[in-house]
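**Q** Chain A is fixed; fit chain B onto it per the hints.
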Amino acid sequence: MRIIIVGGGEIGYALARELSRDHSLSVVDLDPEVGKRFSALDVAFLAGSGTSADVLGRAGVDGAGLLIACTGLDEVNMVACAVATGLGARRTICFASREDFAGGDSNAETVRKHFGIERIIWPEAQLAAEIERIIAAPGAIDAEVFADGRIRLLEFRLEAHSPLTAAPLAALHLPHGALIVAVKHSDSIEIPRGETQLRHGDKVFVMGTPEAVAQVTPQIQGTSPDRARQMVTIIGGGDVGFRLAQRLEASRDVDVRIIESDRDRGEMLAGALRRALVLNGDGTDLELLESEEIGRSDVLVSVIDNDERNLFASLLGRQLGVRRIITRVSRPANLRLFERVGIDVALSARGAAVSSLVHQIQGGHAHLLAVLEEGQATIVEIAVPAGFRPQALMHMKSPPQSIVGAILRGPDVIIPRGADEIHPGDRLIVFAAAQSVKLVRDYFGSV
Amino acid sequence: MRTLVVIQTTGGFLRFFSLTFLAPLAVALAYGERYDAAVFFGAAVLSSAAGYAMTRGRQTRTDDLKRVEGLAIVAGSWLLLAWFAAIPYLGAGMGPIDAMFESMSGMTTTGATVMRDFSDYGRGLFFWRAMTQWFGGMGVIALFVAVLPRLGIGGRQLFFAEAPGPTEERLTPQIRKTAAALWSVYAGLTLAEFGALMVAGMPVFDSACHALTTLSAGGFSPHPLSIAGYANPAVEWIIIVFMFAAGANFALHYRTIRGEAFALPKDEEFRTYAGIVAAAALLLVVFLRPEIPGFAERLRHGLFQTLTIVTTTGYASTDFQLWNDQARMVLLLLMFIGGCAGSAAGGPKVVRQLLIARYTLLELRRTLHPRGVLPVKLGGRVVSEDVMRGVLVFFLFYLLVFAICTLVVGALGADLVTALTASIACLGNIGPGLNAIGPMANFADLHPASKIVLTAAMWIGRLEVLTVLALLRPEIWRGARFRAPEGLT
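Read top to bottom, the protein sequences are chains A and B.
Every letter in the first sequence is one number past the one before it in my numbering, and letter 14, counting from 1, is 1406.
Every letter in the second sequence is one number past the one before it in my numbering, and letter 2, counting from 1, is 19.
Isolated chain B, as found in the complex:
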């Protein structure tokens, strides 16, 4: 592995990323928050200076990026950007562990917070929080691939190392144009939600923040009570619609917009996703009868909470920590599914669970027909053994990370349900869990070491486990060279 190319590429991303501090800077100025504005300015200067320092010297070519270099760049960039994105939280008075937790929770669109009292923080910071989620939702690397021409064909490696889901889907032959197409759909839907929320009566600033965190399946809200704080059914219905869209594959949205009317319903993963949402919402409607008497209200909250968990957004339209055990059980199981591949959602993804279910059922059939040729199929096409193995290995590692995380958080003093749900909520980039970290509570009281582990879980979960874990193999680092040899530069 050529360490230089990793450092230079990552530094290039950081230089570009430093520009994004200008948006919250403007918001802070507009609301008269002088001190916050100064913090954002400082963050912009610091990150851009660090970026320049890293990209100093002769440029290495990125055309011939190796797979492992791609993984290192993607994993490294997410970590580095989260560090620099934490500067404003430090400036607002958070400790370094909390700031890193909040920042990583933002970048990975998790939505778990350590903020105890929302009135301590300015509007600029809330906007920054929402914006980091928006950049993280469609993927910062995808954005860099779309807008930074110098990545060249090396961008392809990076794009697929970051993109969620087991399949490589391209809308256009050129990966740059694919990334740009996905980002434009994403931005368009965000604008649409922004408009709809304002029409429904939400204040402009709140509408902007929620539009940014709905489409990214992030879940940060500037309101301490999340969506429940607005007590506005129209707002909840609008967010239900856009969460559902955020959990579906954006490539399919793109094709629908381009005139392929049935692109979504024709897709098997989307149909399964819609089926899971409908079934879970129905269960909640049944289980919540003692809690919520009115049917319309029950349906709204059932759908809202189902979507907020499946799409890994993490809003709350009501405090579901107070629901009965049956209803909370449904939510807990939904945490292990996640949205569709190619969406802004986190989690293991519907398509993986679908493939694992098919594989298991076929194994049953194979015991009856030992000579049967029984391939796993998706959408009428055979799923290759390689992909299937990748899916199984992914899920096993996912469970392994989940187990380690639960063990640590539990050992450091959290109760069983808190430890379980905090781990899956962070690993799956969902946000709130149950008990001590319910939707109206926060992660501030967890042990500092737990917060560090959970921060790592968010990072690992967002990059779909293997991208990060592959870098732990010692042979990658053994041959690492800091300086590229002559001729290769």
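With the rest of the complex left out, here is chain A:
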């Protein structure tokens, strides 16, 4: 497929690196200097405006399969998409960073259609939504919801005193409706079996109905659930911090405070937020953190647009006694480092957006639901074809490194055990390691 990328920043570069192997790529950017970075990749680089019909024409926009606009300016991205659609591009994807373009209301939808944009991706909002899900699941370090909230996936890191480390999996009594779909032990993901012994420091992935998952949570942590009222401190009132505060303060059980160093931005936040307390100061100022008793927070979220300062603020928070720390990472290379020095959850806005977009482009008919662990594993939804012969899970030779986490049959949700059968017309929520996704797809597609 011929793909045009407008904008050679971090997102453009990450996309080009992922996509250049299988597709013919042209990258357009105003700054010729940017081209040097792309010379190492097998792509064509054009210096010029992504909104110019001439430049897009030379990039081969007529008949191009896809145009991705990911410059830092929303307006440029929208116009690039509109021009490309007008010149014959089949699909366009537009990155946005502001609510007035990307907001979900019907006006934004009208504008999207008017500009011929197929999809708007708003990485900051996606990140804010993800952080909110994690905060809403006490103790979990990652959380996803599928099938309109009927299925949840939580990720935990096992503490030394967790009851799960007491015996092999088969001897543990997990509630019905919850399933440990995967374990990550020192950087490698495996699908657990009955005899698997969990250890301190492992990450476990639990899938199940919301009720069952809530039951299993105290069992994993070995402690009683958190007190009902949560205090969340957000360091950095940028797009992500603001969106997150907005989402969190909608719930009565959460007290939100947000630390922002820029006076004017702080005033804007205080005006737009209803309940959250806005503090004017530096998130790495120990005196401020102590006088505001940040150590009493249940969760500290550090979302400054600077990795070093985020790390510093997070480590200060840890020192002051905050139980859960969630940090934003801008450079994907820093992700692993952050987790190694004790940050509970490190998340990258652009990274998540890029990997989900790449999977969507490569994915074909299997519907991608989530990308986990920097792309090491994915959750896909598969529709079982009509010709499929019903059979029990334990008799199926399903591909390695994959597991059916849930079966959706009409209105029912089944968290399967070995004896459960798969029928044609079912929809399966499958956890698969990255290298097995294709095998899973082929397996269900070919039978």
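None of these hints come from the bench; they were simulated from the model.
Just so we're clear, the structure is a prediction, and the values are computed from it rather than from any experiment.
Every residue, glycine too, gets a C-beta built ideally from N, C-alpha and C.
Among the clues, some could well be false.
Selected chain A positions facing chain B (Cβ under 10 Å, derived; list incomplete) [as the list claims (entries may be wrong)]: (1) Arg1649; (2) Arg1655; (3) Glu1659; (4) Leu1661; (5) Ala1662; (6) Ala1664; (7) Leu1669; (8) Leu1671; (9) Gly1673; (10) Leu1680; (11) Ser1683.
A few chain B residues that don't get close to chain A, going by computed Cβ distances all over 12 Å [unchecked claim]: (12) Leu39; (13) Gly49; (14) Glu50; (15) Asp134; (16) Phe135; (17) Pro250; (18) Pro282; (19) Gly292; (20) Ala295; (21) Pro307; (22) Leu339; (23) Phe353; (24) Ala374; (25) Val400; (26) Ala420.
**A** Same frame as chain A, but now just chain B:
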């Protein structure tokens, strides 16, 4: 400041205002009061002649009115119109101080009276009294802005110098149309009340007078016992409803009529206003148990007296001077609140008290979080520092004027409660107070100097203090020019 433009504009208003004497003239003729009719005719001739004299000569342009000229025009017009509106009272035999007091009480919708015996006066005069309140309620300047095209964009300055409340609210981009919209809602509600009162059995003349003084939150009644004199619960309920409407923002009424069904309940000030009315009425219902045994009656009087004070109307459905101290205490505190901004009511206004309360509470929170960014918000929007400072300064000046007034009235022989309530009742444009100036009594026995001070308090209170007090700054007058220089005319 160009004195000429102030004199000419004010004179223009007076010319227009002289026409209003024709209405009571017609009423006096209809009831066969020949002498009163002649007085009204004389007043019309005098004021129109004075107006012509003031507008003589080359016309100055009002397009480029300066702020201070706007203030002078508004404050000056109210004073001048009150003088000429006093002519009929003089004609009816009042002394000049009493006539000015009664006239200012009418124009500013205060409703305090110096009439001892109502049977001394004719129907034409009672109608005139009610009508001055009706013109004062929505604001005479707003009316002039709405109907006099020659004001041009200068009308904007005047409109906001007179309009009650700390915010500039516009319904339409053109200030003339905004003024006209507000006045049409006002007139429509007045007509509705007129009809309702007649259906409830009140005589036509009384219905007209009460409709004019309810919507304006004025409170003059042609009956010596006020509303209590009619002993008609239906009438009291009708007036309760229309007083409540008069105390709310007319811009919101306008938007409701234009199809925005939830314009009123969505407004934070209106919700607070409704909450204050409900809470105060509830307190009165509790406190009045020994006084009024029947619950329905207690609720009616509780609501009526709460509204009459909060909206600064000043009617009485019963003699609340005879109530116990707890109940009278509630009424005294209500005198310091007033109605909503943009309503016909006087007082410091609900929105100001709401903002002051928020500001104070935020200051408490700031001691806990010295680095917190804690703006005062109203209806989800941040209130700017400038507006907040204006509100605080307003209230401080308000209290200052109140204190001076109390001191003077008290020094001249009134007792403590009388002095306190007479001052706030006049400054807040409420009308009756407690003790010697209770709802069934009058202001006639106060010292003449007290009456002059209280007359000034009504004027200052109606124009929201700063409009008048700003004119006391000497630098305004130092550069005053009587004749505009060539080229500017």
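**Q** For every hint, state whether the structure bears it out.
**A** Hints, one by one, checked against the model:
For the restraint placing A:Arg1649 at the interface with chain B, the shortest Cβ-Cβ distance is roughly 8 Å, inside the 10 Å limit, so the hint holds. At its closest, the beta carbon of A:Arg1655 sits 8 Å from a beta carbon of chain B; the interface hint therefore holds under the 10 Å criterion. Contact between A:Glu1659 and chain B, as hinted, is supported at the beta carbon level, the nearest pair being about 6 Å apart and thus within 10 Å. Hint status for A:Leu1661: holds, given a least beta-carbon distance of 7 Å to chain B, under 10 Å.
The beta carbon of A:Ala1662 comes within 4 Å of a beta carbon in chain B, closer than 10 Å, and the hint placing it at the interface holds. Proximity of A:Ala1664 to chain B holds as hinted, the smallest CB-CB distance being about 9 Å (cut-off 10 Å). Taking 10 Å as the C-beta contact cut-off toward chain B, the hint placing A:Leu1669 at the interface holds, the least distance being around 6 Å. Here the hint on A:Leu1671 is kept, as its CB sits about 5 Å from the closest CB of chain B, short of 10 Å.
Interface hint status for A:Gly1673: upheld, as the beta-carbon distance to the closest one in chain B is roughly 5 Å, under 10 Å. For A:Leu1680, the suggested interface contact is upheld, since its CB lies about 6 Å from the closest CB of chain B, less than 10 Å. Interface hint status for A:Ser1683: upheld, as the beta-carbon distance to the closest one in chain B is roughly 8 Å, under 10 Å. Here B:Leu39 stays apart from chain A, with its beta-carbon at least about 52 Å from theirs, past the 12 Å limit.
No beta-carbon of chain A is positioned within 12 Å of the beta-carbon of B:Gly49; the least distance is around 65 Å. Separation of B:Glu50 from chain A is adequate, the least Cβ-Cβ distance of about 61 Å exceeding the 12 Å criterion. With a minimum CB-CB distance of about 59 Å to chain A, B:Asp134 clears the 12 Å threshold, and the non-interface call stands. A cut-off of 12 Å between C-beta atoms confirms that B:Phe135 is not in contact with chain A; the least separation is 54 Å.
Residue placement check: B:Pro250 keeps its beta carbon more than 12 Å from all beta carbons of chain A (closest about 44 Å). Every Cβ of chain A is farther than 12 Å from the Cβ of B:Pro282; the closest lies at roughly 18 Å, confirming the non-interface assignment. Here B:Gly292 stays apart from chain A, with its beta-carbon at least about 19 Å from theirs, past the 12 Å limit. The beta carbon of B:Ala295 sits about 25 Å from the closest Cβ of chain A, which is more than 12 Å, so the claim that it is off the interface holds.
Residue-level check passed: B:Pro307 sits 43 Å from the nearest beta carbon of chain A, beyond 12 Å. No Cβ of chain A approaches the Cβ of B:Leu339 within 12 Å, the least distance being about 47 Å, so the stated non-interface status holds. Against chain A, the non-interface label of B:Phe353 holds: every CB pair exceeds 12 Å, the least being about 30 Å. No Cβ of chain A comes within 12 Å of the Cβ of B:Ala374; the nearest lies about 18 Å off, and the non-interface call holds.
A cut-off of 12 Å between C-beta atoms contradicts the statement that B:Val400 is not in contact with chain A; the least separation is 10 Å. Under the 12 Å C-beta cut-off, the non-interface status given to B:Ala420 relative to chain A holds; the minimum distance is some 36 Å.
Checked against the numbered hints above, the structure breaks only hint 25 and satisfies the rest.
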